[in-house]
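The chain contents come next:
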Amino acid sequence: MSATTPSKLQKIIASGQLAVTSEVGPPRSADGAVIDHKAKLIKDYVDAINVTDNQTSVVRMCSLACCIRIKLMGLEPILQMVTRDRNRIALQSDILGAASFGINNMLCLTGDHQHFGDHSSCANVFDLDSTQLAMAVKMMRDEGKLLGGFEFQVRPEMFIGAAVNPFAGPNVFMRAIRMGKKAAAGVQFVQTQCIYNMDKMKEFMKIAVDRGLTEKVAVLAGITPMKNVGMAKYMQKRVPGMDVPDEIIKRMGGVPKEKQAEEGINLAIEQIEELKTVPGIRGFHIMAIEWEEKVPQIVERAGLYPRPQMDGA
Amino acid sequence: MIKAKPKPLEEIIDNVKDFNKLLIAGCDGCVTVCEAGGLKEVKILAAALRLYFTQAGKQVQVDEASLTRQCEKEYLAQLSDRMDGYDAAVSLACGVGAQYLAEMYNHKIVFPGVDTCFMGVNEERGLYSERCQACGRCILAETGGICPIARCSKRMLNGPCGGSDKGKCEINPDIPCAWELIYERLKTLGQLDRFERPVEPKDWSTSRDGGPRKIVREDLRI
Chain A
36 MSATTPSKLQ
46 KIIASGQLAV
56 TSEVGPPRSA
66 DGAVIDHKAK
76 LIKDYVDAIN
86 VTDNQTSVVR
96 MCSLACCIRI
106 KLMGLEPILQ
116 MVTRDRNRIA
126 LQSDILGAAS
136 FGINNMLCLT
146 GDHQHFGDHS
156 SCANVFDLDS
166 TQLAMAVKMM
176 RDEGKLLGGF
186 EFQVRPEMFI
196 GAAVNPFAGP
206 NVFMRAIRMG
216 KKAAAGVQFV
226 QTQCIYNMDK
236 MKEFMKIAVD
246 RGLTEKVAVL
256 AGITPMKNVG
266 MAKYMQKRVP
276 GMDVPDEIIK
286 RMGGVPKEKQ
296 AEEGINLAIE
306 QIEELKTVPG
316 IRGFHIMAIE
326 WEEKVPQIVE
336 RAGLYPRPQM
346 DGA
Chain B
26 MIKAKPKPLE
36 EIIDNVKDFN
46 KLLIAGCDGC
56 VTVCEAGGLK
66 EVKILAAALR
76 LYFTQAGKQV
86 QVDEASLTRQ
96 CEKEYLAQLS
106 DRMDGYDAAV
116 SLACGVGAQY
126 LAEMYNHKIV
136 FPGVDTCFMG
146 VNEERGLYSE
156 RCQACGRCIL
166 AETGGICPIA
176 RCSKRMLNGP
186 CGGSDKGKCE
196 INPDIPCAWE
206 LIYERLKTLG
216 QLDRFERPVE
226 PKDWSTSRDG
236 GPRKIVREDL
246 RI
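Here the protein sequences line up with chains A and B, keeping their order. Count along the first sequence from 1, add 35, and you get the number used in the working numbering. Count along the second sequence from 1, add 25, and you get the number used in the working numbering.
Bound-form chain B, shown alone:
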């Protein structure tokens, strides 16, 4: 799932301090799971903003909402009869949801309330780590189910590099060396021949390098 973290309160205040009617819009999807932008975080942020405005001696209306998903028009449409009543909105959805909210209500200012970080897993509550960079052409079948593009700091396809130390990445001893993991997994799977074969240069055109991406599934379109 997409992982995000809350923006510092000061940054959000700096963005919204001159408005009088604000909507804090959460998302019940990914950002709820990583506890950055669900209904709970909407309530916390709204309370903090109300406190700030009260202490600043300003009368500001701060309303709360959370949508099933901000990345779908059907759910964004649920705000259609309310949005005119606000000067600005703070979206606690990921960068995708925040943009789609702004796209749908393009006469309103939408501020991001979270920093969208990566696609990853919940290792534990409050501990998330990256697993996929959406390169558009999955190679997990060749790498023992561990992605070197997302998990090697140099996205090497023929790792490990000479900087890994005791199975850890050269840039941070808290990060396991992806290629050490791949080597061990391939060994367990009896596929070390994959490790010994040079992997050809990758076609990155399906990744970010190919420009903004779009999927058109004719089989699903009516």
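Bound-form chain A, shown alone:
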């Protein structure tokens, strides 16, 4: 896994050091200062910052504009793109635009169904799926070619990412070989769904390592600190594809309310420490949902600070 793009994230992973990414959710308004503020909170503690693309199908400031803001702050964005809202014309157009601002990381996603969002009566697109979006980015980057065949000179230099969810459904093996399919399509790093079921995560990683998948794709383990037992219960019952074992609920509920946030942070740090020992894990993706201010503390206490400085990045 040698670095082939200007992406700092890729360089850090290639250097063998554990990478740290986090994410910011754009506002439901035209207030760009929200993004600037959230990015400032975490900037010295992460290597790159994901910007979600209308997550949960709720209309928000567009991911590309927010990524440009972050890039202009001198930080490294990861452009999340879902295929739900845009066809291959719009997606490729946005990729070219992103590259023109020196955005070098992308996360290729299919996206939540609009059923969950604030415009559930809308039409969806799904011209491509996440895997096909990765194929498109790879073709644009490596061949200088659009899906339609047009060839161009200045190529987008993207480090290509995707999401994996080892916990969706009963079949961990199927999830692992699907990661292999994404790798075959050109995906170079993945960020996982929030990990709470450690046994299942280890089972997933073992299959991935045994099949040689971790040689092709860097797995960044998804960590989301729980704010309180209510959040833990909500995630267990209501969030599709989330696997929160009862012992987590028990642990969060076992401390007084005013101590639950601290317990959630402790839990996240223990998860990181445990995952550091799992073969194939190349870093962490810390998703502190509307709790960005806790990211520095988690990174520091988990022994992931200071972040490496890469020459030329």
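Zero decoy hints are in this set.
Facing chain A, according to a computed beta carbon distance under 8 Å, are these residues of chain B, among others:
#: 1; residue: Ser178
#: 2; residue: Pro185
#: 3; residue: Gly187
#: 4; residue: Gly188
#: 5; residue: Lys191
#: 6; residue: Tyr208
#: 7; residue: Phe220
#: 8; residue: Glu225
These are computed hints drawn from the structure, not numbers from a lab. Since this is a predicted model, take the numbers as computed values, not measurements. Where a beta carbon is used, it is the ideal one built from N, C-alpha and C, also for glycine.
Please build the complex by placing chain B on the supplied structure of chain A, with the hints as guidance.
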């Protein structure tokens, strides 16, 4: 077959309440099978409308008919000597039949009496589910005989997505995850290599995206 469901009576009444001579036209094809628009449903709707008009104190003629298929001119022609006698017709055929009836008798108002829903199967009486979206280029050979375009909520060709849960779709736990089904079927068939290979972007030009479609079979045309 095409699956449809009856429109609410209030909506139909709202459309026809100002007319004096009505024809309720059923279809003996698909809509008869799913019990939405056959002769039986024609009789039920006609009786309900007569009751409504009687209670409203209006004298309205409501006649009944059902054609072998409303999507063929030969059968629609059977109404040619009667249509002049009506102000309007309610077609209980699918959207195809209702349009063809209106096309054939273009001086008459034709109201739809059913909502046409999808192409699907009869799982049980009164329980129908979608199987095909007529994309125009069938991929069932690659997907273990299960169509992800019709049966995956995101029509993914490289599923399943991360939202499926315990083998069910993220948008509704009553819908099986098509990709879980495909995975299991491919495993049974010894074709898991198909699951592991990325599927290229699909050419949607044979689907709705290519504009209204037409089949010209020169071998069948005289």
